[in-house]
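Chemist: As a plain string of letters, each chain reads:
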Amino acid sequence: MKIGIPRALMYHYYYPAWQAFFRELGLTVLLSPVTNKGILDQGVKAAVDDICLPFKVYYGHVLSLRDKVDYLFVPRFISLGKYNFICPKFMGLPDMLRANIEGLPELIDPVIDLRRGIFPWRQVAYKIGRKFSKNIWEIEKAYRRARDSYRHFLQLQREGYETEEAMLLTSRRGKIPVGDREFAAGRESGSDSHKGRAGDKARGIKLGLVGHSYLLNDAYLSMRIVERLRKMEARVFTVEMLAEEVLEKAARRQGKPAFWYFNRQIMGAAYHLFQEKEIDGLVQVTAFGCGPDSLVRELIDIRGKRIGMPILNINLDEHSGEAGILTRLEAFVDLIERRRRKCR
Amino acid sequence: MQITFPHMGDMVVAVKALFQELGFTVVPPPPISRKTLNLGVKYSPEFACLPFKINLGNFMEALDRGADMIIMGGGCGPCRFGYYAEVQEEILREMGYDFSMYVIEPGIFSNLRKIRESFGPVSARKVLSAVRLAWNKALAIDEIYRLVLLKRAREAKEGQVNKLYADFLRKIDETMSVDRVKRIKREYREILEDMTGAYKRGIPLKVGLVGEIYLVLEPFVNLEIEKKLGELGVEVERDLYMTNWLLNFLHLRNDGKLIKRAASKYLDSFVGGHGIDTIGNTVRYARKGFDGVIQLGPFTCMPEIIASSILPAVSKGEGIPVLTFFFDEHSADAGIRTRLEAFVDLLERKKV
Chain A
1 MKIGIPRALM YHYYYPAWQA FFRELGLTVL LSPVTNKGIL DQGVKAAVDD ICLPFKVYYG
61 HVLSLRDKVD YLFVPRFISL GKYNFICPKF MGLPDMLRAN IEGLPELIDP VIDLRRGIFP
121 WRQVAYKIGR KFSKNIWEIE KAYRRARDSY RHFLQLQREG YETEEAMLLT SRRGKIPVGD
181 REFAAGRESG SDSHKGRAGD KARGIKLGLV GHSYLLNDAY LSMRIVERLR KMEARVFTVE
241 MLAEEVLEKA ARRQGKPAFW YFNRQIMGAA YHLFQEKEID GLVQVTAFGC GPDSLVRELI
301 DIRGKRIGMP ILNINLDEHS GEAGILTRLE AFVDLIERRR RKCR
Chain B
345 MQITFPHMGD MVVAVKALFQ ELGFTVVPPP PISRKTLNLG VKYSPEFACL PFKINLGNFM
405 EALDRGADMI IMGGGCGPCR FGYYAEVQEE ILREMGYDFS MYVIEPGIFS NLRKIRESFG
465 PVSARKVLSA VRLAWNKALA IDEIYRLVLL KRAREAKEGQ VNKLYADFLR KIDETMSVDR
525 VKRIKREYRE ILEDMTGAYK RGIPLKVGLV GEIYLVLEPF VNLEIEKKLG ELGVEVERDL
585 YMTNWLLNFL HLRNDGKLIK RAASKYLDSF VGGHGIDTIG NTVRYARKGF DGVIQLGPFT
645 CMPEIIASSI LPAVSKGEGI PVLTFFFDEH SADAGIRTRL EAFVDLLERK KV
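Residue numbers (my numbering), protein chains in the order written: chain A, 1 to 344; chain B, 345 to 696.
It is worth saying that the hints were derived from the structure and are not from the lab. None of these values were measured; they are calculated from a predicted model. Treat the hints with care, as some may be off.
To be verified - Distance ranges between label pairs, derived from CB positions:
| id | chain 1 | residue 1 | chain 2 | residue 2 | range |
| --- | --- | --- | --- | --- | --- |
| 1 | B | Arg457 | A | Lys141 | 46 to 52 Å |
| 2 | B | Leu602 | A | Asp70 | 33 to 39 Å |
| 3 | B | Asp412 | A | Asp148 | 53 to 59 Å |
| 4 | B | Arg378 | A | Cys343 | 41 to 47 Å |
Said to hold, decoys possible - List of simulated lysine to any residue pairs, SDA-like, C-alpha gap at most 25 Å:
| id | chain 1 | residue 1 | chain 2 | residue 2 |
| --- | --- | --- | --- | --- |
| 5 | A | Lys249 | B | Glu438 |
| 6 | B | Lys632 | B | Asp599 |
| 7 | B | Lys660 | A | Pro105 |
Don't be surprised by glycine CBs; every beta carbon is placed ideally from N, CA and C.
Pulled out of the complex, with its shape left as it was, chain B reads as follows (with noise of 0.2 Å):
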């Protein structure tokens, strides 16, 4: 069995390890590129969000090479999400692919059975070490990320932070030890917190990131989003992370109730997917008085819809600057890049 699973930012390293650890062989998809995108744009319906055609393209290439086994997450709606899986497997199947699907459902005890059925019997304590490492992996990489949004800011030449960035992940992914996980993470960790100096823009310019998990987490959809404001002098900050999904996800963490509370004066209802999210994160990063806020999301994405609508109010309300972008396969960097630059040229101003 050859297992495969749609990317995500840089969560590939974790996954992969995860199953690697359990004694799977492992066919990631190739890193998402503009045939990656090409392919998915030609068979997925014309008016699906964007996270589903990258996912669809994955799915292709990594089952153009070898793999017979695709893991999925699932879910019960209202964001669209959750119908992913449903629709990508029929569409792959008409295309005439042969593979199996594993869908991660809610609900442990219908799992359990499930990955019994799908997977074979596994030892608990296989499955115990392997969650371990998947998750320091996670944890490290969401960690010294949250550093790199900030220190790029700050950098002395251009692209280091990038760079160390990369080196990071290479080793992390190379590893198989939890120790070394560790120490590497603490390693990485000192360098960049060391980087102290003078901001690029002479002032601090502090903005946050919210909306659409797929297109905040990854950077080949916002056409890099945060590394366009990190050469643009500014430091970002972001409340979604993965694992940070995962435990709130596990209820291990409860930051629901904090937003919840943010945003009840604007939006009173979960809407699905990240729309409350981005709704109470606003709210909050105004009251930290952070400099802006950046909403991201897949074009015709229902539940930023409705954040979109009601951001304006927001904006107003508690006195912070927004702005959106909606992401479809048509965007295009330079059209972006003019954006954001007017959008911190607005901050600065408004700060200085």
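Extracted from the complex, chain A is given alone in its bound form (with noise of 0.2 Å):
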């Protein structure tokens, strides 16, 4: 039996758990292909017009995977911790997907609510699980299959891994050992050679640059905008590379932090990025549409302005131009390049 995942949204927070998960009861995993024009124009004309772009993609990717899969994976997020909630496009995707688009297969959308339960995690788990098998401690071992691989996952981010090579990593897991740090600092610095050409040398601005992942890591969404800036030798750091608790307390500062799960660790990796004074300059990538954003944004502006941050702001939407991206983006560098030349 073949499984679709979409390779949009929550595809990149997830993907291990799920790909470990799914493997574990024996299903094949079928993956969508990676966002192409062809996707974005399909997502495009089957999603409602004023609906954000990351979920555009999203009805892109499952009409690709519409006649090829018995099953689709289709969870419904509602909130990923105390007091939190995501964008609540989330919890009406499945209901969307079935009024938008004819001939789907089942959908699997079990609700994920992380403020109910003591095991949230595992009882959606047994929840999926029992619909494969009707062995629990097949179920069991999946459901710490995907604990594992997700905790890899997230510890390769925390290292400096990208978003795409964590997830190879972790799906291939025992090649390479978790805590080359050496190799991850070579990621990190940005330089395609792993070794070597430390950020410092030749240009060696640091940046912060914060977004939704969904967004950032979808290469053809975001333009590549995180290669780019490692191209022109910057620095970047982004969410994913902090941990949770740090994120958790720098968005503390606000007296009241976004109640949007991911919003409110944008806004605490921006908070915590300001405070340490570890950036020259902070990059801000924004989905046209996104409700969250539209606000969060505005706080992380305002913060930037009293300390004299500068902020680059760049709102995507489908018709957003490659030139234009790769221009704002040189000359923000160059700016903060000179800045630093004249503070010197």
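Hey, can you piece these two chains together into the complex? The hints should help.
Modeler: The structure is reproduced here in structure tokens:
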């Protein structure tokens, strides 16, 4: 049996866990292709006009999987922790797909609400698992495998691996030991040959890059912003590199931190990077039509302005041009360099 | 202390009464105008939703008039409204305004403590009588408005009902006694109920209004869509009223269950804001035999986007025409009117 996982939205946060879980249960996991123009166009056509870019892309990925799989994994995310929510569009996602796309395979749409229960993840795992296996131990084993994979994945991200890389390494676990810090450090500084060229030598400016992982790590949507910044030899710090406790602590500097899980993390990352003065500038990437981004971005802007931090705001939609983005990134990096030279 | 609060439909009358009765000076923002909108748009985040911008405009105009205490609603998501106050406060401070802000967050005890800190001690009896007056005013307004929405379709003279309602509002605003509020309400209810003349269009057409509460309640932002429908000879009904919302919020009524059950076939989860109400009420109106449903929401509103992507399925499944309007600062009168007229014509042709 084949289960399809769209390569969009929560894929960028949880795929290693999902992959391990379903494989262990004996299913074949089919991933949709990397986002391309065809997928985006299809998604734009199938979704309502007003919805934000990442969801339009998700529709495209679902369409590309529709006729190839027996099941489609579209969890209904509601909350990822105490007092937290995520964007409400995730809550209505399975219903929206059913209403807008005909001929869908059966959707596996467990409710994921971490405010409830003692072991919410395990409960979700058992709920899905029972559909595919009668054997409780098998489900428990699959759950543990998923959990371990996920922890491994997070660990790699903290060490500076990019999300895609961390996923790859997690699924081929064992070949490269965790904690090969030199390798990670090389990546972080942005050079393609992993060792050597440390950040300080060349341009060596330090940039914070904040935004939803499902936007930044989708190379097509984000027009490879991460890669481009690294090519300019800037050291890039992302949300994924910071531990959850650090993010939460920093977010609490706002009287009332954002109640959307991912935006709270973004807020935390920005405030943490501001405070520690590790960075020379901040690049904020938001999606057109993203509700939480529209407000949280403003707060980060205000705080940045108060401490004189240069901030570049990039708002992406389906009409964003690659040249435009590149020009702005280059100009921003130039500006920061000139500022640094003056300060010296 | 000079208190102010954001506008939302005709609720200014009740809220004003509440604080005046408590013995505070109230500086309500001037009625929402083009200027309010422009101020709000200028200083708000570009992609914030329309209510945010109007609220901010309200606050700025009220602060300019001498208010120094803002009362605002809060919440804990997932709708953006719960985060309005936090961002608005930062923006206003950044602009150099000096004020204090009281945000009503969920939680009775924390609120009581905060109220005491912010407003000083007020006697319980005074609070009770103030709440009673405000509540009665709110109830009266909602009850009469419910009739206004129906009777515009069968008024003998154009604009007659609007004038009646304006008189009623003025009288309610002026009076400070619960008895008189009730008497005025009775008087106008009788006048309106007696209007049983012929329908302007010749046939009765009934449209249900669903969507995001601010856009439904505030005529300035929805470009007086209810009035326009009335002029077209359409009876309008809705479940979104401030008093209704409050009763449900305080668990004194439970329409939520009904709505959830009606919606469950199409939307099986709470999605924040009024998303599930939009779906549930559309289903209910269809089953009650309404001729059509109109959905209103601010541009980029997350819950209403979910609802609007599901509504086509509801429309097909329940056999009811649905029209969606998303509003932002660029919405124009003529465009809305044309689409409304076409929609109403369609409903009429379907019925005859």
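Chemist: Are the Cα atoms of B/Lys632 and B/Asp599 separated by 25 Å or less?
Modeler: holds (16 Å)
Chemist: For the hint 41 to 47 Å, verify it against the beta carbon of B/Arg378 and that of A/Cys343.
Modeler: This hint holds: roughly 46 Å between Cβ atoms.
Chemist: When you check the alpha-carbon spacing of A/Lys249 and B/Glu438, does it fall within 25 Å?
Modeler: Given pair A/Lys249, B/Glu438 holds - Cα atoms ~24 Å apart, limit 25 Å.
Chemist: Using the C-beta atoms of B/Asp412 and A/Asp148, is the stated range 53 to 59 Å upheld?
Modeler: Given range 53 to 59 Å: holds, Cβ gap about 57 Å.
Chemist: Please verify whether B/Lys660 and A/Pro105 have alpha carbons no more than 25 Å apart.
Modeler: holds (21 Å)
Chemist: Does the Cβ distance between B/Leu602 and A/Asp70 fall inside 33 to 39 Å?
Modeler: Given about 37 Å between the Cβ atoms, the range holds.
Chemist: Measuring from beta carbon to beta carbon, are B/Arg457 and A/Lys141 in 46 to 52 Å?
Modeler: holds (50 Å)
In the structure shown, no violation is registered for any of the earlier numbered hints.
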